[in-house]
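Trainee: The primary structure of each chain is shown beneath.
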Amino acid sequence: MEGLTQLWQSTGLSNFEPGQAVMMAVGFLLLYLAIRKEFEPLLLLPIGFGAVLSNIPVAGIADEGGILSYLYLGIKSGVFPLLIFMGVGAMTDFGPMLANPKTLLLGAAAQFGIFGTLLGALALNLVPGLNFSFKDAAAIAIIGGADGPTSIYVASKLAPDLLGAIAVAAYSYMALVPLIQPPIMRALTTEQERLIEMAQLRYVGRIEKIIFPGVLLILSAMLLPSAAPLIGMFCLGNLIRESGVVERLSKTSQNELINIVTIFLGLSVGSKLSAHQFLRPETLGILALGALAFSFGTASGVLMAKLMNIVSPTHKVNPLIGAAGVSAVPMSARVANKVGQESNPHNFLLMHAMGPNVAGVIGSAVAAGVLLALVQ
Amino acid sequence: MEGLTQLWQSTGLSNFEPGQAVMMAVGFLLLYLAIRKEFEPLLLLPIGFGAVLSNIPVAGIADEGGILSYLYLGIKSGVFPLLIFMGVGAMTDFGPMLANPKTLLLGAAAQFGIFGTLLGALALNLVPGLNFSFKDAAAIAIIGGADGPTSIYVASKLAPDLLGAIAVAAYSYMALVPLIQPPIMRALTTEQERLIEMAQLRYVGRIEKIIFPGVLLILSAMLLPSAAPLIGMFCLGNLIRESGVVERLSKTSQNELINIVTIFLGLSVGSKLSAHQFLRPETLGILALGALAFSFGTASGVLMAKLMNIVSPTHKVNPLIGAAGVSAVPMSARVANKVGQESNPHNFLLMHAMGPNVAGVIGSAVAAGVLLALVQ
Amino acid sequence: MEGLTQLWQSTGLSNFEPGQAVMMAVGFLLLYLAIRKEFEPLLLLPIGFGAVLSNIPVAGIADEGGILSYLYLGIKSGVFPLLIFMGVGAMTDFGPMLANPKTLLLGAAAQFGIFGTLLGALALNLVPGLNFSFKDAAAIAIIGGADGPTSIYVASKLAPDLLGAIAVAAYSYMALVPLIQPPIMRALTTEQERLIEMAQLRYVGRIEKIIFPGVLLILSAMLLPSAAPLIGMFCLGNLIRESGVVERLSKTSQNELINIVTIFLGLSVGSKLSAHQFLRPETLGILALGALAFSFGTASGVLMAKLMNIVSPTHKVNPLIGAAGVSAVPMSARVANKVGQESNPHNFLLMHAMGPNVAGVIGSAVAAGVLLALVQ
Amino acid sequence: MESSLSEFLLSGFKLSLIGMGIVFMFLSLLVWIINITSKILQKYSLEPQELPGYRGLGATAESEDAEIVAAISAAIQWYRYR
Amino acid sequence: MESSLSEFLLSGFKLSLIGMGIVFMFLSLLVWIINITSKILQKYSLEPQELPGYRGLGATAESEDAEIVAAISAAIQWYRYR
Amino acid sequence: MESSLSEFLLSGFKLSLIGMGIVFMFLSLLVWIINITSKILQKYSLEPQELPGYRGLGATAESEDAEIVAAISAAIQWYRYR
Ligand code: NA
Ligand code: NA
Ligand code: NA
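Residue numbers (the numbering used here), protein chains in the order written: chain A, 1 to 376; chain B, 1 to 376; chain C, 1 to 376; chain D, 1 to 82; chain E, 1 to 82; chain F, 1 to 82.
There may be inaccurate statements among the hints.
If you anchor each label on the Cβ, the simulated ranges turn out as follows [as the list claims (entries may be wrong)]:
#1 G244(B) <-> G244(A): 51 to 61 Å
#2 E247(C) <-> N344(B): 28 to 38 Å
#3 G244(B) <-> N15(A): 48 to 58 Å
#4 Q6(C) <-> G65(B): 56 to 66 Å
#5 I36(E) <-> S14(C): 47 to 57 Å
#6 H276(C) <-> G65(B): 23 to 33 Å
#7 K37(B) <-> L17(D): 36 to 46 Å
#8 L17(D) <-> Q376(B): 14 to 24 Å
#9 N344(B) <-> F13(D): 51 to 61 Å
#10 E247(C) <-> Y44(E): 28 to 38 Å
#11 L13(B) <-> H315(C): 27 to 37 Å
Pairs of lysine-lysine, DSSO-like flavour, derived with a Cα cap of 30 Å [said to hold, decoys possible]:
#12 K338(C) <-> K76(C)
#13 K14(E) <-> K135(A)
#14 K102(B) <-> K39(D)
#15 K37(C) <-> K209(C)
Honestly, the hints are just simulated from the structure, not real lab data. Think of the CB as a built atom: it goes at the ideal place given N, C-alpha and C, for glycine as much as any other residue.
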């Protein structure tokens with residue numbers, strides 16, 4: 001019966017560590033949120049499943065030689081988040097932003113969420129038991145960018161230990177955008193402001209759309225090369241889309257390639273959800289900061305819009321679309337539209353909110369570049 | 001004319017070893033079986049072609065630095081068979097099995113094929129010239145699971161040298177299921193048994209289908225973590241399918257991703273069909289054992305069904321569907337249906353046979369886990 | 001303000017080297033050609049973008065650890081060009097060639113372009129400042145094969161330093177086929193010859209089409225194993241297509257797989273367009289030789305057709321289809337058709353030109369094999 | 001590894017016994033859990049069960065047709081993969 | 001890294017200032033370039049601009065509908081990716 | 001590698017001769033094999049050959065149309081890949 005003993009010793013039950021059980025529960029919680037609550041299921045489903053898989057005792061699925069350890073190389077090298085960013089670029093229509101470029105400033109303002117979170121993370125060192133280095137704080141701050149691949153990319157460079165917690169916080173709060181944003185938006189605007197109807201967007205031609213990714217890339221190369229990998233891959237995807245001459249590459253970037261990488265990326269992120277990396281007071285701090293980051297970014301965007309209306313009162317901007325500057329495409333643009341329609345059901349803000357929405361993606365990539373350049 | 005001599009010395013003709021010529025012929029035989037006889041063409045076509053390519057003299061396509069040596073890393077790491085398993089999970093409907101869970105026992109019984117083969121392989125050491133280690137025997141035994149990726153996964157861990165022969169045997173016998181199974185099924189059943197009509201399957205709801213992969217994974221994590229990579233990736237694919245919230249990931253898993261990996265996996269398996277690994281008496285032993293394995297598994301499944309009818313005579317099971325317990329999805333379920341219709345053309349057993357069919361996949365993954373845990 | 005200084009030192013502006021600026025301009029020129037002039041956009045768009053990305057100062061996107069350095073491993077290992085070749089094989093219909101096999105000789109003749117270029121490259125050593133080794137000359141010569149993946153494969157083996165320039169030259173001249181070929185075709189043929197109508201092609205059965213890739217592979221294995229990786233993967237793709245039993249693999253090879261690899265291959269090629277590798281007099285030499293190669297190959301194909309008409313005057317060949325022997329599928333076949341219709345609008349040469357066209361692909365793979373075998 | 005063949009076979013026999021034991025235990029446990037789960041779901045009416053339990057043999061030809069179509073499409077889904 | 005927390009926070013504050021400065025500078029520059037580009041393209045009539053500049057508030061309900069359809073399809077394109 | 005340029009060119013010339021020889025030999029062999037294969041297949045009537053050999057110049061306009069459609073679709077298949 002030596003075989004049976006050997007078998008019992010090889011079971012999960014006899015080897016379970018409490019932390020692993022808790023982390024498997026966390027994984028199932030993420031699966032529940034993804035499936036039942038439809039919290040960003042494209043990412044949270046693979047992340048949750050990866051968390052379950054990697055915490056199975058003995059199996060070592062995330063240990064060296066396990067499948068998740070191989071998939072994780074795609075994050076470590078930066079390849080997966082950058083390919084996702086390329087695919088997102090291929091799905092992005094810059095038209096609404098090009099039609100009304102001043103909405104870019106809303107996308108800029110919302111990045112206050114990032115730097116506010118940075119300060120918050122540094123301040124949390126006051127709390128006994130929490131200990132965030134400057135790099136940690138910078139990686140956490142990017143959650144405020146409301147941009148999954150950017151968060152993962154920055155975290156993998158600055159604080160790989162926190163990668164799991166940061167990605168979970170980033171995607172969870174993105175899913176919570178419809179809950180977090182509206183109260184802040186209502187609190188900071190008057191009924192009159194929420195009723196502002198915006199001028200219809202002008203027509204944006206094909207050449208403008210083709211030129212834009214090139215211009216954006218040059219600007220980033222000149223001023224902020226540390227943001228060039230992110231912005232470059234994003235621009236590549238967008239150029240593939242807008243050029244009109246490589247339709248098959250565009251279709252593949254937006255579908256099969258991004259889908260395959262999403263599965264692998266999600267599983268790999270999940271593989272970083274181990275007990276000793278996640279079950280720490282720091283994780284609670286990260287989750288608290290994430291809520292702060294989104295709220296702060298939302299408020300900054302709305303207030304910026306109000307400021308713009310004071311500075312140039314001719315073409316008024318509905319301040320609700322400022323909230324879309326956090327990016328979280330297209331959820332926050334939908335939220336802006338919905339809150340606007342509460343006041344006037346015939347006021348369609350969705351298209352107008354897409355401008356700050358995609359500007360927010362650029363804004364957070366720029367902020368990521370600053371952090372990558374200055375925090376070492 | 002030094003150049004001409006150099007060229008002649010670089011031709012295949014002047015470098016052909018007899019073994020390579022034979023193995024190229026084996027490769028072409030596999031291509032013939034795949035294309036003309038439609039023997040599991042999705043796998044046997046790339047495997048056959050890989051065998052031809054890797055036995056071309058001088059070219060070194062399977063040697064270090066050749067394309068097949070790079071593709072083989074996907075097998076060595078376990079990534080390719082596990083991704084195939086994920087795709088198969090995304091193609092699997094557990095509905096019929098959940099509607100009639102006792103068919104799981106048929107899937108369990110059919111795994112006698114695996115352990116019968118294990119004993120057979122060990123016994124073959126009696127034959128002079130044959131020499132199977134315990135690991136070899138375990139790797140060969142999994143052929144009885146009638147499950148390609150499981151066989152490849154286990155062989156790559158326990159007996160990489162036999163990988164080529166094992167994969168060829170597994171897929172060939174799966175293709176031969178319509179020839180191997182019916183005589184055994186007819187011999188072990190009475191006409192009356194073959195006429196048994198089964199109650200229509202109950203409706204299985206979405207929540208049951210979503211919960212099942214989680215339950216299966218937890219059970220495997222608790223009891224048999226060595227099976228967790230296989231069962232885990234299978235459950236991931238199935239959850240992606242049933243969750244209903246990640247349609248695009250489901251589509252990609254079932255199509256492009258599994259197709260790409262199938263091409264690569266097949267070529268890599270073919271690259272292990274070298275003369276010194278394949279042209280050995282052991283290969284003949286493996287082929288003989290493969291036929292035994294399938295026959296034994298089929299018989300066990302049918303007999304188990306008869307036993308179940310004796311134990312609980314109220315809801316009778318048509319013993320023909322016991323043969324589907326070997327898995328070989330969906331071929332053996334079709335065979336059960338066809339043999340049943342020979343007796344009564346209006347008896348549709350296909351859906352009922354899908355239960356033991358997918359149960360057989362779980363059963364052989366469990367058996368694989370046992371072997372991986374206990375054979376080192 | 002230490003931070004600001006640090007930031008300024010991290011900008012691209014303060015770090016730009018003149019060579020990088022020039023190479024970024026080259027990248028944008030390629031993008032312009034790809035998008036505006038539709039010069040082989042599937043490849044030149046990613047190549048151009050890769051050139052821009054890899055020349056961004058500080059970012060190091062093509063340096064070790066950057067995303068392009070990882071993607072480049074796919075070229076270094078030979079995997080990417082071979083997978084493209086597989087996909088091209090899956091897109092190729094050998095029917096027209098099998099129906100009229102003597103057109104293979106036109107595909108052979110056009111390879112004079114390769115060897116003429118080889119001599120040209122060696123002779124260019126006479127020009128002071130130019131310095132081509134034998135390996136360099138061989139890698140450059142393959143441009144004359146008018147076959148992108150073959151050029152990239154050979155260059156990655158023989159002269160990785162020249163890879164960028166060679167790929168750019170190969171794809172640019174392929175795009176210029178409609179400009180380069182017609183004057184040569186008109187100069188070398190009489191009006192009477194251009195009016196030749198060709199007999200309708202015979203029906204080619206499925207078995208012939210299935211057998212052909214096997215025959216081609218055996219011949220290459222026997223005679224020229226150094227060409228076996230290229231020809232083998234090409235034949236695999238074609239067999240997947242023609243076998244008719246693995247439709248889903250065929251579809252994936254022709255679409256998603258080749259699209260994904262095309263993006264990665266293009267970016268990786270672009271990453272070799274660095275200033276010190278490209279801004280050399282050698283590059284001018286390569287560009288000059290490329291034009292020569294295409295012209296020479298075109299002329300050889302046309303003259304071969306005329307020779308064949310002298311030798312066997314019964315079934316005359318329209319010499320215009322000889323120009324399609326350079327491959328550049330399907331552009332040069334279209335050119336042959338168009339020039340023929342200038343003389344007689346009812347003379348449809350397209351199908352007839354597809355024979356030499358695909359023969360040219362085989363021809364240049366054979367020539368590549370010779371060079372890989374004899375030049376070390 | 002054992003030196004003599006009989007020991008070798010004995011080990012194999014023990015492994016087979018243990019192996020089949022585990023397989024049956026595992027799948028039987030699964031049967032039990034599936035039944036439990038199904039009952040719990042029905043009890044709390046968490047989902048509309050078209051008709052709980054077996055529907056009996058009197059199913060019409062029409063539903064048989066629908067069933068067979070479903071079965072075939074499920075089977076075709078597999079596309080001969082395994 | 002600084003030893004005392006206040007120095008730590010001061011560094012963070014400086015970084016935030018620089019960071020937001022860069023973000024605004026970068027995106028403002030982009031606004032300026034987009035405006036310039038648009039003007040140049042219009043000047044040389046490089047592309048037919050359906051109606052240069054804003055069309056005013058008098059847009060009909062119909063075009064609103066078209067707009068909302070376009071917006072939704074753009075949004076759906078994103079498929080919740082970020 | 002040779003030291004003087006003329007030796008260098010001579011090697012290149014030899015290589016070109018050998019190379020073109022091989023290319024022609026290889027493709028000629030292929031012509032021969034294709035012809036043989038086609039004859040064998042016809043002999044054993046392994047497949048229905050719509051009309052063995054050439055059909056002559058008298059093909060109708062209709063079949064020309066079909067041919068051109070086939071040619072174009074074959075060409076489009078290539079999607080400018082090479
Ligand atoms: Na953002
Ligand atoms: Na099985
Ligand atoms: Na060619």
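Trainee: What hints, given by number in increasing order, does this structure fail?
Mentor: The structure conflicts with hints 1, 3, 4, 5, 9, 10, 12, 15, although it agrees with all the remaining ones.
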